[in-house]
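With chain V fixed as given, assemble chain P onto it according to the hints.
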Amino acid sequence: MPKYMLLLHDAGAAPDTIGPEEIQAIIKRYIAWRERVERSGYAINGHKLRDGEGRTLRGTVGAPTVTDGPFAEAREVIGGLFIIEAGSYDEVVALSRDCPHLEFGTIEIREVEPTS
Amino acid sequence: MTPDALVDHLFRRQAGQMVATLTRHLGARHLALAEDAVQEALVKALQQWPFRGVPDHPEGWLFRTARNAALDRLRHERVAAHKAPALAHHLPREAPPASDATLAGEPPPLDDDRLGLMFLACHPALSRESRVALTLKLVGGFSVREIARAYLAQDAAVAQRLVRARHQLRAAEASFGPPEAADLADRLDAVLEAIYLIFNEGYAATEGDALVREDIAAEAIRQARLVAAHPVTDVPRAWALVALLELHAARFPARMGEDGTIFRLRDQDRSRWDRRLIASGMRALDRAAGGADVSRYHLEAGLAACHAAAPTWDATDWRHMLDLYDDLLALTGSPIVALNRAVVVAQIEGPRAGLAALDAIRDAPGLARYHLFHAAKAELWREAGDPDRASAAYRDALEAARSAPERRFLAERLEQL
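Just so you know, the protein sequences line up as chains V and P, in that order.
Residues 0 to 115 (numbering that gives the first Met the number 0) are what the first sequence spells out, left to right.
Residues 0 to 416 (numbering that gives the first Met the number 0) are what the second sequence spells out, left to right.
Calculated from the structure, these hints are not laboratory results.
Among the hints, erroneous ones may be present.
What the hints assert, rightly or not - Going by beta-carbon spacing under 8 Å, a handful of chain P positions derived as facing chain V:
| # | residue |
| --- | --- |
| 1 | LEU5 |
| 2 | LEU45 |
| 3 | GLN47 |
| 4 | PHE50 |
| 5 | GLY52 |
| 6 | PRO54 |
| 7 | TRP60 |
| 8 | GLY140 |
| 9 | VAL143 |
| 10 | ARG144 |
The beta-carbon is built from N, C-alpha and C at its ideal position, and this holds for glycine as well.
Chain V with its partners taken away, still in its complex shape (with noise of 0.2 Å):
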């Protein structure tokens, strides 16, 4: 089965006044949907990126450059990750509808190419 990557870009931190019910309400909603996608019949893996760190290496073989975050420049992060084992984009696509990530940042999907 193919497996497919969904890179979770966040549009920004989460305001400093989000309240505690707030919070949970928001978590709720990302674990209804991870278990909507279990429910499914697809294997679902997640899993967290760390915020603010992170490294760029480019330049010469033996002697790069590196530089701190890939994303000095870019304003949106990458969050966090799922892996989902499905059997097309248009299969993964239609899973991650009404992933609640929508409301707060972007969605990319990649599959991953098979090593065999």
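The following block gives chain P in isolation, referenced to the frame of chain V:
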């Protein structure tokens, strides 16, 4: 992990408990730091749990994260200030516990902490309004936006009030925890009053966000129960407050129609009253009777119990209510109490007697601008068969009414004349 792993309002309640526990160990002067650390933990959960799922012990995870955030902030403050105020030993656990189970297995001292936080939030240096806002924010875990929505205030105004309150606590060098025995009665009265006001705002308002207002009323009941059940503050008047709040809350489901129409008590479908809450409120009222103390909460709970016990409006024990109102009026001198007493007088002796009782208090401060004073007058003139005077009084009431549902209700009554 199912969404049910997150119990309703878990974050809100846990926020209050975490601020309480951290403030107890760090001292009241680090209240803002404790609040910031708790907020940091909640936001971390928001960033991580959608991807990783909910941890097996969400409370433990949140508390550990908040405590680490507090420690980080303390270290940073100490470096910045070039001094070491030796705060580390105040924190119960320098290192995170080995596992979530350690934390979950601990007996929760958290309720004690919440009581201490209530005393801090209701410190005598603060105004009544600030006590209400601070108690909701610190103990209840309500956000600035929710408090503003429930009280029809601007976010910025609520935020500013909270900032000022925290400054006042620092200036007064307020300390955490239950006060000295000598101050306990007065300080407890301030806590009970704040809970009473929190409930009243949630209960009386007919505008603003209905869901938040119900949550706020429920939180007031939780806090009243917490105070009443705690050995230090288990006094009859605390139980009387519990009874009062539960007996009022029992009528919530019948107060309004689906279209937002207000139902007066006499028109309410009593089968929609919450029997479980009434039973619980009656039990609390029994416990409140365990002493010579008769507070305003006792009397008001007694009044609410009269309504709760009556199968119909007409079958209400008005004579007992009048006795209670006489006592309450003697205790408070409140014009609002006198107004409600006049309505009971009318039930017993007829509308003219009620109108005479209203006339006797017409110069009381604030009543002329209080819509329910004019509305009561209008109803009694209607019953007395004088539509002209009733109509004039409805118009006065309409002019004084604040909320849209109240104005709609009054306009309808006027039209029906």
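Outcome of the hint check:
Evaluation of the P:LEU5 hint against chain V yields a held restraint, the C-beta minimum of about 6 Å falling below 8 Å. For P:LEU45, the suggested interface contact is upheld, since its CB lies about 5 Å from the closest CB of chain V, less than 8 Å. Taking 8 Å as the C-beta cut-off, the interface hint given for P:GLN47 holds, the closest approach to chain V being about 5 Å. The beta carbon of P:PHE50 comes within 4 Å of a beta carbon in chain V, closer than 8 Å, and the hint placing it at the interface holds.
Taking 8 Å as the C-beta cut-off, the interface hint given for P:GLY52 holds, the closest approach to chain V being about 7 Å. Residue-level restraint check for P:PRO54 is violated (minimum Cβ-Cβ distance to chain V is 11 Å; threshold 8 Å). Given the 8 Å rule on beta carbons, the hint for P:TRP60 is violated: about 12 Å separates it from the nearest Cβ of chain V. The closest approach between the C-beta of P:GLY140 and any C-beta of chain V is roughly 5 Å, which is under the 8 Å cut-off, so the hint is satisfied.
With a cut of 8 Å, the hint placing P:VAL143 at the interface with chain V holds, because the nearest CB-to-CB distance is about 6 Å. Annotation: P:ARG144 was flagged as interfacial toward chain V, and the flag holds, the nearest CB pair being 6 Å apart, inside 8 Å.
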